[in-house]
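Sequences and hints are given; from them, build the entire structure.
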Amino acid sequence: MLRSIPIKRALLAAAVVTGIAVWQAPAASAAVPLKDITHRYVGSAVAASYLADEADYRAVLTREFDNVTPENEMKWGTVEAVRGQYDWSGADAIVRYAQTHHKTVRGHTLVWHSQLPDWVAALPAAELRRVLRDHITTEVKRYKGKIRAWDVVNELFNEDGTRRDTVFRQKLGDGFVADVFRWAHAADPSATLYINDYNIEGRNPKSDAVYDLVKTLKRQGVPIGGVGVQAHLSIQYGFPGEYRENLARLTKLGVDVAITEADVRIPTPPDAAKLDTQASYFDRLWDGCQAVRRCVEFTTWGFTDRHSWVPAVFPGEGAACLFDENLRPKPAYLRINP
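Going by mature numbering (1 follows the signal peptide of the UniProt record, and there is no 0), the letters in the sequence shown line up with residues -30 to -1, 1 to 308, in that order.
It should be emphasised that the hints constitute simulated quantities derived from the structure, not laboratory data. Keep in mind that the hints are not guaranteed to be accurate.
Below, computed lysine to any residue pairings styled on SDA-like, alpha-carbon distance capped at 25 Å [unchecked claim]:
1) LYS114 with PRO175
2) LYS5 with TYR168
3) LYS188 with LYS244
4) LYS185 with ARG139
5) LYS5 with ARG214
6) LYS244 with ALA282
7) LYS222 with ALA282
8) LYS114 with GLY224
Using C-beta positions, here's what the derived DEER-type ranges look like [stated by the list, open to error]:
9) GLY47 with ASP130: 22 to 32 Å
10) GLY47 with PRO285: 16 to 26 Å
11) ASP178 with VAL283: 25 to 35 Å
12) GLY211 with TRP89: 36 to 46 Å
13) SER250 with LYS111: 18 to 28 Å
Where is the CB? At the ideal position from N, CA and C, for every residue including glycine.
Next up, the structure:
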């Protein structure tokens, strides 16, 4: 799904109050929704409870995005917190919403060391392998034909490019990665299967490790179809170097790339200068994806500051999304979609 890069035709407005520039939130979004200005999928992470309980949240999501990613509802710790007791309610609700509103779904995530039930980590190696295969097969088959792309393996690497010493690696060895892609593909051959990680936006040891792994998996005939670049950024750090070039080199391996969890946190409280910097980061993320032919998706990790994960994890930072708490578009939205 490819479209031309939208023409940037406006800068952001600021009011001057007692000599200090203060951002003025517009009352409504631009006339053209984000999903209609590019041929890439444009998505957001969502929570089933907000979809059910907040009409304004649901309205903006429906208007602006054509892809949804369940924030927690498809993770192992949610769907099978207790062995043999499945809870598909949240995941089912999000998939139903997507089908009703003609949106695609990004499944997130099948294999991750975090939000993993204790009972899984306690299994002996032989049983863990069988349970892992059953988990992947059960979940992927349940949504066969309804999930466009799956984050199969999530956050495999450390910052220095070494592999995380997870329970899966400890008990199953490095070969489990190829296995889980094959199991997921067998369960739904139509879904595009991704490896997904953070801090791999630019060229660095971690993105090099992802590149090398994907290259190896492709040579082995493993059905990996994409690399998910999370893009959790902060204006306190420089924009990732060689971002566009890094996306392009990954696609040269014969896979798609996707921006899967974009947000840009800022030191709180926000002001016009911080929001302008945030807008420039979002704009560079967006334009870099638009410039790479096989960058097929731009998804944000939530779209409103009302529900952002950032303040709880990064004290003193927040306001990381495209819309504020009242669902008004922020400068970052307007920079992408002037």
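Broken hints, numbered, in rising order?
Failing hints, ascending: 1, 3, 7 and 13.
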